[in-house]
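Once you've looked at the hints, dock chain S with the ligands against the given chain B.
In case you want the letters, here they are:
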Amino acid sequence: MGKDPRGQGAFLAAAAAGCAGGAMTPRLELRGISKTFPGVVANDDVSLRVMPGEIHAVLGENGAGKSTLMKIIYGAMAADRGEIFWDGEPVRIPSPAAARQLGVGMVYQHFSLFESVSVAENIAVAVDEPFDLPALSARVRELSQRYGLPLDPGRLLGHLSVGERQRVEIVRCLLQHPRLLILDEPTSVLTPQAVKRLFETLRVVAAEGCSLLYISHKLEEIRALCDNATVLRRGAVAGGADPKVASSAELAALMTGAALPETRREPARPEPAPRLEVRSLNVTSEDPFGVPLRDVSFAVHPGEIVGIAGVSGNGQTELAALLSGERTVPDKDAIRLDGEPAAHLDAGARRDRGLAFVPEDRLGRGVVPLMSLRENAILTAHRLGMVRRGMLRRFKANAYAREVIERFNVRCTGAAATARSLSGGNLQKYIVGREIALSPRVLVVSQPTWGLDVAAAAAIRQALIDLSRRSAAVLVISEELDELFEICDRILVIYEGRLSASRERGETNVEEIGLLMAGMGADPGAGMGWVAGQAMNAGEAANAGVGST
Amino acid sequence: MDVAIAIVTGTVIAATPLLFAAMGELVVERSGVLNLGIEGMMLIGAVTAFSLSFAGYPAPVAVLAAVAAGAASSLLFGVLALTLLANQYAAGIALAILGGGLSGFLGRNFGAAPIEPVGPIHVPVLSEVPIIGPVLFGYDPMVYLALVLFGAVWWVLYRTRAGLVIRIIGENPQAAHDIGYKVIPIRYATVVFGGAMAGLGGAYLALAYTPLWVENMTSGRGWIALALVVFASWRPLRVLLGALLFGGVNILQFHAQSQGIGVPSEFLSALPYLATILVLVLISRNRRMQKVNFPASLAKPFRPGH
Ligand SMILES: Nc1ncnc2c1ncn2[C@@H]1O[C@H](COP(=O)(O)OP(=O)(O)OP(=O)(O)O)[C@@H](O)[C@H]1O
Ligand SMILES: [Mg+2]
Chain B
1 MGKDPRGQGA
11 FLAAAAAGCA
21 GGAMTPRLEL
31 RGISKTFPGV
41 VANDDVSLRV
51 MPGEIHAVLG
61 ENGAGKSTLM
71 KIIYGAMAAD
81 RGEIFWDGEP
91 VRIPSPAAAR
101 QLGVGMVYQH
111 FSLFESVSVA
121 ENIAVAVDEP
131 FDLPALSARV
141 RELSQRYGLP
151 LDPGRLLGHL
161 SVGERQRVEI
171 VRCLLQHPRL
181 LILDEPTSVL
191 TPQAVKRLFE
201 TLRVVAAEGC
211 SLLYISHKLE
221 EIRALCDNAT
231 VLRRGAVAGG
241 ADPKVASSAE
251 LAALMTGAAL
261 PETRREPARP
271 EPAPRLEVRS
281 LNVTSEDPFG
291 VPLRDVSFAV
301 HPGEIVGIAG
311 VSGNGQTELA
321 ALLSGERTVP
331 DKDAIRLDGE
341 PAAHLDAGAR
351 RDRGLAFVPE
361 DRLGRGVVPL
371 MSLRENAILT
381 AHRLGMVRRG
391 MLRRFKANAY
401 AREVIERFNV
411 RCTGAAATAR
421 SLSGGNLQKY
431 IVGREIALSP
441 RVLVVSQPTW
451 GLDVAAAAAI
461 RQALIDLSRR
471 SAAVLVISEE
481 LDELFEICDR
491 ILVIYEGRLS
501 ASRERGETNV
511 EEIGLLMAGM
521 GADPGAGMGW
531 VAGQAMNAGE
541 AANAGVGST
Chain S
1 MDVAIAIVTG
11 TVIAATPLLF
21 AAMGELVVER
31 SGVLNLGIEG
41 MMLIGAVTAF
51 SLSFAGYPAP
61 VAVLAAVAAG
71 AASSLLFGVL
81 ALTLLANQYA
91 AGIALAILGG
101 GLSGFLGRNF
111 GAAPIEPVGP
121 IHVPVLSEVP
131 IIGPVLFGYD
141 PMVYLALVLF
151 GAVWWVLYRT
161 RAGLVIRIIG
171 ENPQAAHDIG
181 YKVIPIRYAT
191 VVFGGAMAGL
201 GGAYLALAYT
211 PLWVENMTSG
221 RGWIALALVV
231 FASWRPLRVL
241 LGALLFGGVN
251 ILQFHAQSQG
261 IGVPSEFLSA
271 LPYLATILVL
281 VLISRNRRMQ
291 KVNFPASLAK
301 PFRPGH
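Respectively, the protein sequence lines represent chains B and S.
Under my numbering, the first residue of the first sequence carries the number 1, and numbering increases by one thereafter.
Under my numbering, the first residue of the second sequence carries the number 1, and numbering increases by one thereafter.
Heads up, some of the hints might be wrong.
[As the list claims (entries may be wrong)] Simulated pairs of lysine to any residue, SDA-like, Cα-Cα distance not exceeding 20 Å: (1) S:300 <-> B:143; (2) S:300 <-> B:420; (3) B:218 <-> B:250; (4) B:196 <-> B:143; (5) B:244 <-> B:207; (6) S:300 <-> B:368; (7) S:182 <-> B:97.
Derived from the structure by calculation, the hints contain no laboratory data.
If you're wondering where the values come from, they're calculated on a predicted model, not measured in any experiment.
Just chain B, with the same shape it has in the complex:
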């Protein structure tokens, strides 16, 4: 397969799907698309065909050029060379509006959403039809119910969790009955149940004749959903594959050209004294639509990784803000670091005490997009002596940025590259890497491997394990159960602002945690009386738990 002449595999596979679908003209065909950025070839002579009703996966490592290719199809970027055919006719797609006119919809990897306006307004700006918010809101409500993606059109987008925001993006596309739907890592922040629902939706959409271009790093998803796959490696087509037949390991090998390393983990030897301790934290959210935290207590000891599982929008945002110091509470003892009261300390003071933090919202709070990686390093690593008497020591900052780039294999043009120019996954590697490389005493991280390719995700997970075994206390907040089970020593579940009792990884399983995430596990340990669900299945409960406000 890997020896295929460029693109040949993809062509054959796509042609086969075309026969199966009964139509012979591809909905979309790319021929020889190339795109160069200063110093990087993002797309190199890429050819690709998608038949009507086909779900076509585009695979590749972080920085392989997937998002660039999709932006070219959506008219948001211009290719340097190459042709695009739509239903067999050559077309030019000079703008996203032109793409939408043809029937192309796109869900961006980095949301193209606006926090200061409502959900309905976010949708209205990307829908080319007369401006009528009440009518649109009604349609959004109806469509989001039908597809199991509950949304309240009147809410301010800034008040939504990342998972809910992604739903807005998806609903916004579906509303326009697209003929080709591009989804750039749509499931990176959805729960397993929500992913299942989404897949059902996408299959229906495809059965109605819409073609899908689907990008994801989760190979199991691709195998479950897609008919065909095209693999990009460093901008060029490395080959095609039938994801129903190929194994995840084969796909991964095609992407990286190498086999995946196994995770190494020694048993945890947590020290007896907790390093991060939270005691009956009760706070109302600052956000009128947020989730109040109720009686949240837990501890993280040096030497272990503790995971907090939960469907997004159940209080994680609030908890993260309280742990990082972005928000403080007057009761000093509610949060303790090394046994010392810390709940009243601001983020800077907590970092001075050895706490590091990776926020959920990367581009907003994780980096300053227009600054260089070097300058972004200074933002949190200045405690390592990058600033002396108020003066920046660029040499040190540079060295630190380069160390992170090298150690976490961040693909970029160097420490002077702006954060914005990195591919989604590479930016993620940089932000998480920047915090791990600080060797913090406590690390709080939300969704550590969001958008990472399999190899990079494995490397970050290994780095988190290694950090904890060097006697740091690590807290991972994530919706990805598989990930939590792979790296955590103990797992707790957050649901509607309450935390379950902690469970040792060996003594629980994905099903039990999944039920707790849906608010249905019996949890005598915490005495919360979550009753086992009546007629609801876990998926419905999970969805009801999120967007019902």
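Positioned in the frame of chain B, the structure of chain S with the ligands alone reads:
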């Protein structure tokens, strides 16, 4: 009673030029651009309107010319800040200085010659009703124009797609670009609108407020308009409130000065500026509202990515 009526009408009249300029700047800033040059654009508008009126052209022509002159001067800022990506603070201040110098130069020969001011309208029966007449129907047409434009700006910003697009571009130009909006042309449009509104404000000063050429006749109103927008948390109703407050304190201190109370006149003259800013700062303390209305990309240069 007459004094009270004079205070009310004086307040509205003094608020009018500010309202023009501040509503223009509000739209500019909502699209993410900071044009500090309002004072200069107002002066350019004022000198244009005055010279045409002085040359005998009718008031509507003078006003339209001032609008055009304000818009043209803002275009200069637009080229610097939007096309050449110059620092917006520097470009705006340059425009403020340029407008001051240019208007002083163009107006150097007017001396103290007066022109025929734009007079109040007269609505047959209504204008003669006691109290209501002068308070509601006793102004010159430009006052009503300011109110109409105020309503129009509010309506466009919050009730139309165009206004929504202006607001989202002000928050996140990159995302707006990604879904297909032409950020730079739209920002040019708001900047030019802001310039036209500042030109109107200037024309009002020259044709109605003090129908007499005085160098630097705006005396800082452009800067106050700027402060109004910021301290009003980019919300139109608060801009209106702030403008009226400024106008009110201004008239009150005039009356106080003419009564000769024992407070230095410099202090009294500074009072409207102080009071306006103080009050607006106090009411804009709510950080949550600030965040919702603040155009997050304000004054940051934007270059569409490839
Ligand atoms: N605006 C830009 N300026 C400069 N370089 C860019 C820009 N956008 C992308 N690149 C570079 O082009 C290459 C491909 O990026 P792209 O975003 O397409 O990758 P990707 O396959 O989507 O990766 P990921 O899985 O991490 O999202 C990367 O090396 C990236 O750094
Ligand atoms: Mg990408």
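Each hint tested on the structure:
1. For the hint pairing residue 300 (chain S) with residue 143 (chain B), the CA-to-CA distance comes to about 37 Å; that exceeds 20 Å, so the pair is violated.
2. At most 20 Å may separate the alpha-carbon atoms for a hinted pair to count; residue 300 (chain S) and residue 420 (chain B) meet this at roughly 15 Å.
3. For a cut-off of 20 Å, the pair hint linking residue 218 (chain B) to residue 250 (chain B) stands: about 13 Å separates their Cα positions.
4. Only pairs whose Cα atoms come within 20 Å are accepted, and residue 196 (chain B) paired with residue 143 (chain B) is accepted, the gap being roughly 17 Å.
5. For the proposed pair residue 244 (chain B) and residue 207 (chain B), the alpha carbon gap of about 18 Å is at most 20 Å, so the pair holds.
6. Taking the CA atoms of residue 300 (chain S) and residue 368 (chain B), the gap is near 12 Å; set against the 20 Å cutoff, the hint holds.
7. The straight-line distance between the Cα atoms of residue 182 (chain S) and residue 97 (chain B) is roughly 11 Å, inside the 20 Å bound, and the hint therefore holds.
Figure legend: structure checked against the earlier numbered hints; the only hint not met is number 1.
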